[in-house]
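Chemist: Sequence:
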Amino acid sequence: MYLPHTLSVAGVACCFLAPQDTSLALFTGGIEEFFFSNAAESWAITLHHWILYLYTVLWLNVRQLNWAEWWFLALALGNCLSGIDDLFIDLYYWTTYALRRLKYPRKRFPLLSEDTLLAMPQKRGAIFIAAWKEDDVIEEMLLTNNVLINYQNFDFFVACYPNDEPTLNKVNSAASKLPNVVPAVNPKPGPSNKADNLNAAFLALKKREKELGIHYDFIVMHDPEDILHPLELPLYNYLLHKRDPDMIQTPIFPLEVPWRHFTASSYMDEFAETHTKDIYVREWMRGFVPSAGVGTCIQRRVLDKLSDELGPSKIFNTESLTEDYDFGLRLRLTGGKAIFVRQMVWRTRDAQGEPLAQPFKEMITTRAHFPSTFYTAMRQRTRWMVGIVFQNWKQFGWVGNLQTRWLLFHDRKGIWANALVLLNYLFLLVSTFHMSLRWLVWPSMSPLLGAALWVKAAFVICLLMMLNRIVQRAIATCRIYGWQQGLLSLARLAWDNLINITVTFRATNQFITSELKGAKIAWDKTQHFFPTEGEVGGHVPNYLASPPQSSPSQPAAARRAAG
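Using the numbering used here, read the sequence shown as starting at 1 and increasing by one per residue.
Quick caveat, the hints were computed from the structure, so don't treat them as lab data. Glycine included, each C-beta is placed from N, C-alpha and C at the ideal position. Be careful, since some hints might not be right.
Below, simulated PhoX-like cross-link-like pairs (lysine-lysine); rule was C-alpha separation at most 20 Å, straight line [said to hold, decoys possible]: (1) K314 / K123; (2) K210 / K123; (3) K210 / K305; (4) K188 / K103; (5) K413 / K394; (6) K188 / K133.
Here are the computed distance ranges between Cβ atoms for each label pair [claimed, not checked]: (7) K103 / P179: 45 to 55 Å; (8) G353 / E515: 33 to 43 Å; (9) F374 / I415: 13 to 23 Å.
Could you put the whole structure together from the sequences, leaning on the hints where they help?
Modeler: Structural data, given as structure tokens:
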């Protein structure tokens, strides 16, 4: 049983000792003549000569590469590694999706209805919102969502800082109009980070429970610019009763913007692909489901357990800029159960609770505007990369089962995959310049790449993987925003890549600088703006809601007064 391995090692050793001036054609021809003849009688010898053959067509060629071919080879290997990683997610998703459709046909398993969700006994919920310099949006967000949410048993806990008076004044103003708004003032001046503010919200929750003699069953995390779906809390309540998970993540889909806003639109493409495919794979393969920071519901028992272990002021990791991602990983490592739910429901009532003449389907999802300029997007994504790639890697290393470790690799590969994209673009520019010189100025110039078989094979493989990524993203965008946006996603890819390339270098510099200086990276928050009345009421992609719209018919002022 050890003969094949012995022959293989000996064969590789002989190959590396072969003289460099060996005639490649003669050596290859001799191997081919032997390999494809009847002389290879045993499988062990066949394996041995397969290795010799691969050596002749690969290694001897590699030793003769020019600088451009070395560059192309490095790009091909990196692209293939990243492409195979992405391809696995694609194949796993579509295969599992098809099998689940066969096992759970939609005719036998109809969609949930609004009445089914609302009929469930209501657990007490709390919505945590971390606010720093959010005076321009926070009151509008609280007043609007208080009317939109079709759930009675919940409170807002808005965590803010004592040195952020404009925000604190807006929160107090909302609290004077809405009895379910609770200001949670952080004992420390800001800004610290979002995790620290969320911990302050939990301390305020504990205090309120003690004062009123009540108990909260679950908490939901949201940002000051979010539009909550009216049935989001009823869905969480229903799932907590039926499935009892530790954490529930629902989708976040950016509000649709005009096609010319490439930066904001790129978020539409990314979230569409992540929240229609990638996170499903994480759950189905029993990896880990990261919290997205908004649209996340957490069972109270999980927070109590962390409070007992770490203290009530350390539930969310204050050493990370992405405490949401950190929380999802810690939950998985401790055996917690997290699920991702992209739920369509039949809407049967309007905002005033009256029955609709024509029920319609709608997806339960969080809506919000995302950064619309290159600079603001770069700042936000830098924070994400520093937290997910660098800080999480530093604090956790490679942990968990095989699936979890692979997902960590998938999330962290951005640090080199984005740099690889830059090298791909540079190679494209160099190749285009060289080809132009050959055609227009210097016809006798040698080609940049030879005509070797491996060059053609690598080019075809990389091209197919690139086309797969383009198609996968277009399909995801089409599923959420329609075919027009799906086509536009093709044009936005290069711009999205440019943002991510810039983010990679900025995040790397930021993390290394902080490590060398021993300084903590500050909370570089995103400037938010709340959607307009029309966007709150009816500006939704055609897959998220079908006419008639479920928007409140009252104007904003009347709805606030009603709240």
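Chemist: Decide, hint by hint, whether the structure agrees.
Modeler: Against the structure, the hints come out as follows:
For the given pair, K314 sits about 25 Å from K123 by alpha-carbon distance, which is inconsistent with the 20 Å threshold. Using a Cα cut-off of 20 Å, the hinted pair K210 and K123 holds, with the two alpha carbons roughly 18 Å apart. Restraint check for K210 and K305: the C-alpha separation of about 18 Å stays at or below 20 Å, so the hint holds. Proximity of K188 to K103 is assessed by CA-CA distance (about 53 Å); at most 20 Å being required, the pair is judged violated.
For the hint pairing K413 with K394, the CA-to-CA distance comes to about 15 Å; that is within 20 Å, so the pair holds. Our distance criterion of 20 Å between C-alpha atoms is met by K188 and K133, whose separation comes to about 15 Å. The given range of 45 to 55 Å is respected by K103 and P179, whose C-beta atoms sit roughly 47 Å from each other. For G353 and E515, the Cβ-Cβ distance of about 55 Å falls outside the hinted range of 33 to 43 Å, so the restraint is violated.
Under the hint 13 to 23 Å, the C-beta atoms of F374 and I415, about 20 Å apart, fit the expected range.
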